[in-house]
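Chains as they are written, first to last, in the working numbering: chain S, 2 to 269; chain X, 38 to 388.
The set of hints was computed from the structure by calculation and includes no laboratory data. Quantities reported herein were computed from a predicted structural model and do not represent experimental measurements. Each hint should be verified, as a subset may be incorrect.
Stated by the list, open to error - For lysine-lysine, the following PhoX-like pairs were computed, each having C-alpha atoms within a straight-line distance of at most 25 Å: (1) 129(S) to 308(X); (2) 117(X) to 57(S); (3) 57(S) to 154(X); (4) 156(X) to 308(X); (5) 139(X) to 229(S); (6) 243(X) to 229(S); (7) 86(X) to 57(S); (8) 53(S) to 62(X); (9) 303(X) to 129(S); (10) 86(X) to 112(X); (11) 201(X) to 229(S); (12) 95(X) to 386(X); (13) 86(X) to 233(S).
Claimed, not checked - One side of the interface only, derived from the structure: several residues of chain S facing chain X at Cβ under 10 Å: (14) 34; (15) 130; (16) 212; (17) 224.
The beta carbon of each residue, even a glycine, is placed where N, CA and C say it ideally should be.
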Amino acid sequence: MKIPSKIYTALIFIFLYAPIAVMILFSFNSTNSTGLFAGFSLKWYSVLLGNKNIMKALTNTLVLAIASAGISTVVGTAAAVGLDKWKKSWLRSSVMGVTNIPMMNPDIVTGISMMLLFVFMGQIVGRKEILGFQTILIAHITFCLPYVILSVLPKLRQTDVHLAEAAQDLGCTPVRAFFKVVMPAIMPGILTGMLMAFTLSLDDFIISYFTTGPGFQTLPIAIFSMTKKRVKPDMYALSSLIFVVILILLVLTNVAQARGESKRNKKN
Amino acid sequence: MKKNLCLVLAAVMLVSIALFGCEKKPTLYVYNWGEYISDGEDGSLDVNKAFEEKYGIKVVYDTFENNEVMYSKIKGGGVKYDVLIPSDYMIERLIAEDMLQKIDFSNVPNYKYIDAKYKKLPYDPNDEYSVPYTVGCIGLIYNKTMVEEPPAGWSALWDARYEKKILMINNPRDAFAIAHSVLGIDYNTTSEADWQAGAAKLKEQKPLVQAYVNDEVFNKMELGEAALAPYYAGDFLTMRDNNENLGFVYPEEGVNTFVDAMCIPKNAANKAAAELYINFMLEPDVGLANAEYIYYASPNTAVVSNPEYSLKDDPIIYPDDASLPKTTIFTNLPTRTLNQMSNLWDEVKLH
Chain S
2 MKIPSKIYTA LIFIFLYAPI AVMILFSFNS TNSTGLFAGF SLKWYSVLLG
52 NKNIMKALTN TLVLAIASAG ISTVVGTAAA VGLDKWKKSW LRSSVMGVTN
102 IPMMNPDIVT GISMMLLFVF MGQIVGRKEI LGFQTILIAH ITFCLPYVIL
152 SVLPKLRQTD VHLAEAAQDL GCTPVRAFFK VVMPAIMPGI LTGMLMAFTL
202 SLDDFIISYF TTGPGFQTLP IAIFSMTKKR VKPDMYALSS LIFVVILILL
252 VLTNVAQARG ESKRNKKN
Chain X
38 MKKNLCLVLA AVMLVSIALF GCEKKPTLYV YNWGEYISDG EDGSLDVNKA
88 FEEKYGIKVV YDTFENNEVM YSKIKGGGVK YDVLIPSDYM IERLIAEDML
138 QKIDFSNVPN YKYIDAKYKK LPYDPNDEYS VPYTVGCIGL IYNKTMVEEP
188 PAGWSALWDA RYEKKILMIN NPRDAFAIAH SVLGIDYNTT SEADWQAGAA
238 KLKEQKPLVQ AYVNDEVFNK MELGEAALAP YYAGDFLTMR DNNENLGFVY
288 PEEGVNTFVD AMCIPKNAAN KAAAELYINF MLEPDVGLAN AEYIYYASPN
338 TAVVSNPEYS LKDDPIIYPD DASLPKTTIF TNLPTRTLNQ MSNLWDEVKL
388 H
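The following block holds chain S by itself, in its conformation from the complex (with noise of 0.2 Å):
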């Protein structure tokens, strides 16, 4: 690499962790000032682990977070092979160009909407006050959908078609073919949906402004509404904590690959 590309990266680099760099170097700070660095502590991270409001909200974004990455990606792999398999090309495009319409959507037409549509459901059923968990995870399985879709399906047509159709000539049934040999084929897909949709769920905050209800408040929203007062340092050590278990689990998978690469590449 030459001298001004690898300033290049450098640069590059520093504009993506500076803020995360200055962030964590506050979150270690003795006093509560956002802005003048007065002495290492770590008083922040206790009081975080003594803040309830704000576990119960990480508890509910994790929780949140989980349920609608792996519900999303189950219906949206099946969405995805069910659309791969059909014949006429007009119906799968304008199937796909409807299910990419949360994608499309800005979020807060989204959010309302679908706060309307929940609160004219709940009419009907007879419980006016519906909002609450089970439509917040409806919301973000709604929008994560699209996501799971678009990733599943190149990796579906990449695939051989003749494969599902000699496993079955061997004696599989059908489903047995899928899941012993179109799923492995198509698991990178697969993976890249579910963590695009944990962490599309993860931060979301428009959406699921609009259609949770009491008691089930997620951490964008909870730190959010500490913008009258102040967010205070806590809160760096709760997002430094986060990234750095989302480093640390993204350097695993990546040690992962590249073992399991090197691994094929020994036995070829």
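Starting from the known structure of chain S, arrange chain X on it as the hints suggest.
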């Protein structure tokens, strides 16, 4: 077979919507501002936990960031809370729209602690719907090292010497109130010409303003990035803890006083528990813990006179009548005026 499966799935979806959310243990749903209750940090009293232990009622506590957001959530109709803590003008609006129910004050004996100053206020003239939670005033914060002489009034925010060192509050109601103070116009005016005049004044100020801020004001003032900023008296005390060069004045033209008060929405499921909660918040020790945490003034006489209260007789949050200029509480403006205000505010921001 496929068709049957689809039918079964559809039925499961519908039933699950109808079945969700059956409650057992008595539960109280509270909707309050963020960072607005003593939560057990640093050994303080965890108010909600104390309530749960005392009465065996589970508290589900959610937070909002401003009155308008709270209003849109409640008005949407999909949620049910038992206790709300909005501000004065919003309470007036909720009463006008028949969204609150009357509180049975025989269940709130601690109401006797509320200072007479905070009773019979214009938003709830007969004290039927609300119980004050915190009170406070807006004022002018300045950096002693950056101003040539301490400012006396809001007009300092139009002083060309402090060009680009002035922060302005980023919410239309408060910003227009400041402009109206300088012009000598009542904050609650409904005359279109008055609002036009206010907008002209704000446009005149805009070239001098460094930024329109909400909670960013804490950082900017603590770091000495700006010389002047309007913000709440209680928050000034937090800023002063981090920068001793900051000073505070109640501008001579007059200031806005706000009252955040507890009330019970019409669709509350558990009115008795809501009244217990409101009464509990007025207990002297609970009120004290909240006042120490929030740093805003307390309307509770048992708190204000408590010798253990660290902010007792603080000249900034409990100013005597002589140092306080004319104060005005916001009232609910008619829709026409609200629309005009938000249009004019857009004009100011785009100017």
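Evaluation of the provided hints:
1. With a CA separation close to 18 Å, the supplied pair residue 129(S) and residue 308(X) stays within the 25 Å bound.
2. In summary, the hint linking residue 117(X) to residue 57(S) is supported, as the alpha carbons are separated by about 20 Å, within the 25 Å threshold.
3. Restraint check for residue 57(S) and residue 154(X): not satisfied, since their Cα atoms lie roughly 38 Å apart, outside the 25 Å limit.
4. Between residue 156(X) and residue 308(X) the CA atoms are separated by roughly 22 Å; this keeps the pair inside 25 Å, and the hint holds.
5. Distance check on the hinted pair: residue 139(X) and residue 229(S) sit about 28 Å apart at the alpha-carbon level, beyond 25 Å; violated.
6. Among the hinted pairs, residue 243(X) with residue 229(S) is consistent with the structure: their alpha-carbon atoms are about 23 Å apart, no more than 25 Å.
7. As the CA atoms of residue 86(X) and residue 57(S) are separated by approximately 14 Å, the hinted pair is consistent with the 25 Å bound.
8. A distance of roughly 20 Å separates the Cα atoms of residue 53(S) and residue 62(X); the hinted pair therefore holds under the 25 Å criterion.
9. Under the criterion of a C-alpha separation no larger than 25 Å, the hint pairing residue 303(X) with residue 129(S) is consistent with the structure, at around 13 Å.
10. As the CA atoms of residue 86(X) and residue 112(X) are separated by approximately 29 Å, the hinted pair breaks the 25 Å bound.
11. Distance check on the hinted pair: residue 201(X) and residue 229(S) sit about 24 Å apart at the alpha-carbon level, within 25 Å; holds.
12. Between residue 95(X) and residue 386(X) the alpha-carbon distance is near 44 Å, which puts this suggested pair outside the 25 Å criterion.
13. Our distance criterion of 25 Å between C-alpha atoms is met by residue 86(X) and residue 233(S), whose separation comes to about 22 Å.
14. At a threshold of 10 Å, the smallest CB-CB gap from residue 34(S) to chain X is about 4 Å, leaving the interface hint in force.
15. For the restraint placing residue 130(S) at the interface with chain X, the shortest Cβ-Cβ distance is roughly 4 Å, inside the 10 Å limit, so the hint holds.
16. This hint holds: residue 212(S) has a C-beta 8 Å from the nearest C-beta of chain X, less than the 10 Å allowed.
17. Hint status for residue 224(S) relative to chain X: holds, with the closest Cβ pair at about 8 Å, below 10 Å.
Of the hints listed earlier, those the structure fails to meet are numbers 3, 5, 10, 12, in rising order.
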